[in-house]
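Trainee: Go ahead and model the full structure; you've got the sequences and the hints to work with.
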Amino acid sequence: MNMLQNYLDTFFFALFPYVTLFAFFVITIQRYRSKSFTYSSLSSQFLENRQHFWGLVPFHYGIIAVLTAHFVWFLVPGTVLWWNSIPARLYVMEIAMFIFGLMTLVGLINIVSRRKTNVRARIVTSPADWWVLGILTFQVITGILTAYFHRWGSSWFAASLAPYLWSVFKLSPDLSYVSAMPITIKLHVVGAFSIILLFPYTRLVHILVLPNPYLWRKPQLVRWNWNRRKIRTPNASFKAKNNN
Amino acid sequence: MDIRSQISMVFHLDKCIGCHTCSIACKNIWTDRKGTEYMWWNNVETKPGTGFPTRWEDQDKYKGGWEVVKGELELRSTNKTKTITNIFHNPNMPTLDDYYEPWTYKYKDLFDSPEGDDQPTARPISMVTGEEMDIEAGPNWDDDLAGSPIYAENDINLDGLSEEQREQMFAIERLMMFYFPRICNHCLNPSCVASCPSGALYKRGEDGIVLLDQEECRAWRSCIPACPYKKTYFNWNTGKSEKCILCFPRVETGQAPACFHSCVGRIRYLGVLLYDAKKIEETAKFPDEELVDAQREMILDPFDENVIREAKKNGIADSTIEAAQKSPVYKFVKEWGLALPPHIEYRTLPMLFYVPPMLPVMSAQEGDSVRNVNEEFFPDFDKARAPIKYLAKMFGGGNESHLRYVLKKQSAIRAYRRAETVGDIEKIDADKALLEADCTAAEAEGIYQLTSLCTFEDRFVIPAAHREEAIEMMKDPLEHKQETGFGFRDEPERGW
Ligand code: HEM
Ligand code: SF4
Ligand code: SF4
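These protein sequence lines are chains A and B, in that order. When the first sequence is numbered by the working numbering, its final residue is 327 and no position is left out of the sequence of numbers. When the second sequence is numbered by the working numbering, its final residue is 499 and no position is left out of the sequence of numbers.
Hints are computed from structural coordinates only; laboratory data are not their basis. The C-beta atom is built at its ideal place from N, Cα and C for all residues, glycine as well. Treat the hints with care, since some could be wrong.
Unchecked claim - DSS-like cross-link-like pairs, simulated, lysine-lysine; straight-line CA separation at most 25 Å: (1) B:K282 with B:K18; (2) B:K66 with B:K288; (3) B:K392 with B:K411; (4) A:K301 with B:K73; (5) B:K329 with B:K282; (6) B:K282 with B:K337; (7) B:K337 with B:K392; (8) B:K83 with B:K73; (9) B:K66 with A:K301; (10) B:K430 with B:K411; (11) B:K73 with B:K288; (12) A:K118 with B:K37; (13) B:K73 with B:K282; (14) B:K64 with B:K392; (15) A:K301 with B:K281; (16) B:K83 with B:K37; (17) B:K329 with B:K316; (18) B:K478 with B:K337; (19) A:K301 with B:K282; (20) B:K315 with B:K282; (21) A:K199 with B:K37; (22) B:K83 with A:K301; (23) B:K66 with B:K85; (24) B:K337 with B:K288; (25) B:K18 with B:K411; (26) A:K301 with B:K435; (27) A:K301 with B:K288.
Stated by the list, open to error - Which stretches of chain A does chain B cover? Using the computed rule of at least three CB atoms under 8 Å from a CB of chain B, they are: (28) 118-126; (29) 134-141; (30) 207-217; (31) 291-297; (32) 302-308.
Mentor: Structural data, given as structure tokens:
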């Protein structure tokens, strides 16, 4: 039994993460370079507009808040522990995250039921979409269960999961942090790496092309196939895309 | 001055016969792929009517175009903050039902049905879901239904007309209609471009054609509500928006766009306008009634020495300047003042102009006979079948004086030609009519020629694209010539 668990732990927490991260970096970049046409949020709002709102909006607000929190816990665990040292602050953070988690779940349920019941939405649903929705649902449910049954996650995350993740990134995975974890938490971690694995093969790549430059660019864009003003200056080099 | 050249267009509405040949020409070339079936980059509407998509002119619903808020131009549908909050679900996004569900028929049933008492029929099936459907709307469902309470009376341009004017329009014996063919206006201040979070939409520097980069579109779909003319369309299959490309591969090789080329009524003109790009923003801020004039003010005289000098300084090719001098669009818009922009109050500064329809026959039925109620050369436009106010809402930014000017000139030219050819109008009266319409005999002749006797070369004055100069910068043009025609492109395959 213990042997088996050792093997499983080694596989899921020492090997699997590298497989997923490798795929994530290599395939995502490769796909962007050779098939950038396929980078799209693949919106289906045009086909169904009402249930869309109750699915996509709570889901995204929820998941973005929760994910951001996870990143903060991971990046600055010390600060999180400091914040949580006052119980009131800890409660606020925990309750807020729990609510965001529930929002995500409500959104996901709506998204799934929309894609199941609406004929038009079903037409544009690919197997990859079902994989994504399936694994995300799994992840959100294990997340909510973890939050409920193993309370004050932001604290113990900072204390034991963050060091494990850091050890993965430092290429010497330290299983001692995770092997003793309860099963829900282990499933949640494996789910997270599975999402990273699916990422480059699915619509999740839309997260990478989020349109931040809009926030500081000028409204109007002009592209010159060739700028004849520059053509007439022999020293200027040619730039195919010249926004002005 | 920052002089740029723009390929611009004029549609002469009195000549449109509503045959939809233009739409079909476009459809067959560009939008017969999966996901584009419902798109009509060129469509022809009947006015008064609700148009395609239904009531597209209702900006309270779709929030297209710009408005001036505290002296600043702002998009109605979006801004930097709303781009973030509305990206997951766009509240002004039209859906397939605002256009129509495209369909085909199960023709196979006609052959495969078992023998029976009834004739087999080909049931309509949706080109989206593949399921059987009841056809409830189509892209030109209101065709010729100008008097109908469902379509004509819901025309948004009728808002603000008095009860009396409305009654006039819908009295059986006065019923009027005209066709309104529409493509992307390749605007100078395009709201589609300004709304795109990814920067996928852009205006081409050399000729002003507005394009949507398929590689960079990420389906954030901001442009769909933002274009007040509803000329960006969402391809639900590829997850990319698409729009009219003014057949740029044809234009670059000296051919007219397909809808222009195929136009049966020969209503379409295409040519270069030179304009001052420095003035775009300031022009778009004028009050509604002054917008038509302000936009005309931006368009520069291609014969003016100063303009030519500045244009050359800006790298505009001599051949383009020459094309601008021969441009039929310049004549219609600037020299003659006959062509007006559609709904300029949306402030995108559209570069497709319309010669508004005269709808001239002002006859009334009396007993059994139909009699011409107008003995004058100048019909009383206020009694005309299309209320001036209605036309002014479409083509004048609400300013009726432009419409009066155009209609007056048009009828004067008809009087003038009638005096020449039929002779039942005295020459002196015709000349007087011209004078009152701010028109000389030479101008009248020019307008007559370009309206009635125009050849391909008169209607389409397309400047050379000068691709070779761009290529020269990168490599030997001859070497490039030997290479073109080879290579691979990605299929526009839906993402996963
Ligand atoms: C970072 C900013 C993000 C933006 C701007 C964004 C935007 C979008 C948009 C526009 C859609 C298409 C909605 C439609 O059908 O109209 C979409 C769908 C989706 N997004 Fe995001 N997203 C973001 C982050 C995320 C994250 C962090 C996740 C999950 C890890 C996610 C998962 C999904 C999924 C699963 C769908 C498909 C929903 C469905 O099946 O209809 N997104 N996103
Ligand atoms: S008509 Fe619409 S799509 Fe065309 S340039 Fe203007 S705003 Fe853009
Ligand atoms: S082809 Fe010409 S005449 Fe026929 S509908 Fe189109 S614009 Fe009108």
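Trainee: Look at each hint and say if it fits the structure.
Mentor: Against the structure, the hints come out as follows:
Proximity of K282 (chain B) to K18 (chain B) is assessed by CA-CA distance (about 33 Å); at most 25 Å being required, the pair is judged violated. This hinted pair checks out: K66 (chain B) and K288 (chain B) have alpha carbons roughly 18 Å apart, not beyond 25 Å. Pair hint K392 (chain B) plus K411 (chain B) holds up; C-alpha atoms about 15 Å apart against a cutoff of 25 Å. Our distance criterion of 25 Å between C-alpha atoms is met by K301 (chain A) and K73 (chain B), whose separation comes to about 19 Å.
Between K329 (chain B) and K282 (chain B) the alpha-carbon distance is near 24 Å, which keeps this suggested pair within the 25 Å criterion. A distance of roughly 17 Å separates the Cα atoms of K282 (chain B) and K337 (chain B); the hinted pair therefore holds under the 25 Å criterion. With a CA separation close to 23 Å, the supplied pair K337 (chain B) and K392 (chain B) stays within the 25 Å bound. For the given pair, K83 (chain B) sits about 17 Å from K73 (chain B) by alpha-carbon distance, which is consistent with the 25 Å threshold.
Between K66 (chain B) and K301 (chain A) the CA atoms are separated by roughly 21 Å; this keeps the pair inside 25 Å, and the hint holds. Taken as a hint, the K430 (chain B) and K411 (chain B) pair is honoured in the structure, with Cα atoms around 17 Å apart against an allowance of 25 Å. Restraint check for K73 (chain B) and K288 (chain B): the C-alpha separation of about 11 Å stays at or below 25 Å, so the hint holds. For the hint linking K118 (chain A) to K37 (chain B), the alpha-carbon distance of about 20 Å falls within 25 Å, and the restraint holds.
The suggested pairing of K73 (chain B) with K282 (chain B) holds, with an alpha-carbon distance near 19 Å, which does not exceed 25 Å. A threshold of 25 Å between alpha carbons decides the hint, and for K64 (chain B) with K392 (chain B) the separation of about 23 Å falls inside it, so the pair holds. For the hint linking K301 (chain A) to K281 (chain B), the alpha-carbon distance of about 15 Å falls within 25 Å, and the restraint holds. Of the supplied pair hints, the one linking K83 (chain B) and K37 (chain B) is violated, its CA atoms being roughly 33 Å apart against a limit of 25 Å.
A threshold of 25 Å between alpha carbons decides the hint, and for K329 (chain B) with K316 (chain B) the separation of about 21 Å falls inside it, so the pair holds. For the suggested pair K478 (chain B) and K337 (chain B), the alpha carbons sit about 41 Å apart, so the restraint of at most 25 Å is broken. Simply put, K301 (chain A) and K282 (chain B) have alpha-carbon atoms about 16 Å apart, close enough for the 25 Å limit, and the pair holds. Taking the CA atoms of K315 (chain B) and K282 (chain B), the gap is near 19 Å; set against the 25 Å cutoff, the hint holds.
Distance restraint check for K199 (chain A) and K37 (chain B): the Cα-Cα separation of roughly 22 Å lies within the 25 Å cut-off, and the hinted pair is therefore satisfied. Distance check on the hinted pair: K83 (chain B) and K301 (chain A) sit about 11 Å apart at the alpha-carbon level, within 25 Å; holds. Simply put, K66 (chain B) and K85 (chain B) have alpha-carbon atoms about 13 Å apart, close enough for the 25 Å limit, and the pair holds. For a cut-off of 25 Å, the pair hint linking K337 (chain B) to K288 (chain B) stands: about 21 Å separates their Cα positions.
Using a Cα cut-off of 25 Å, the hinted pair K18 (chain B) and K411 (chain B) holds, with the two alpha carbons roughly 17 Å apart. Of the supplied pair hints, the one linking K301 (chain A) and K435 (chain B) is violated, its CA atoms being roughly 52 Å apart against a limit of 25 Å. Distance check on the hinted pair: K301 (chain A) and K288 (chain B) sit about 17 Å apart at the alpha-carbon level, within 25 Å; holds. With 9 residues having a beta carbon nearer than 8 Å to a beta carbon of chain B, the region 118-126 of chain A meets the requirement of three or more and the stated coverage holds.
Coverage of the region 134-141 of chain A by chain B holds. Counting CB-CB distances below 8 Å, 4 residues qualify, and the rule asks for three or more. For the region 207-217 of chain A, the proposed coverage by chain B is satisfied: 3 residues have a C-beta within less than 8 Å of a C-beta in that chain, meeting the threshold of three. Counting residues of the region 291-297 of chain A whose C-beta lies closer than 8 Å to any C-beta of chain B gives 4; at least three are required, and the coverage claim holds. With 7 residues having a beta carbon nearer than 8 Å to a beta carbon of chain B, the region 302-308 of chain A meets the requirement of three or more and the stated coverage holds.
In summary, the numbered hints that this structure violates are 1, 16, 18, 26.
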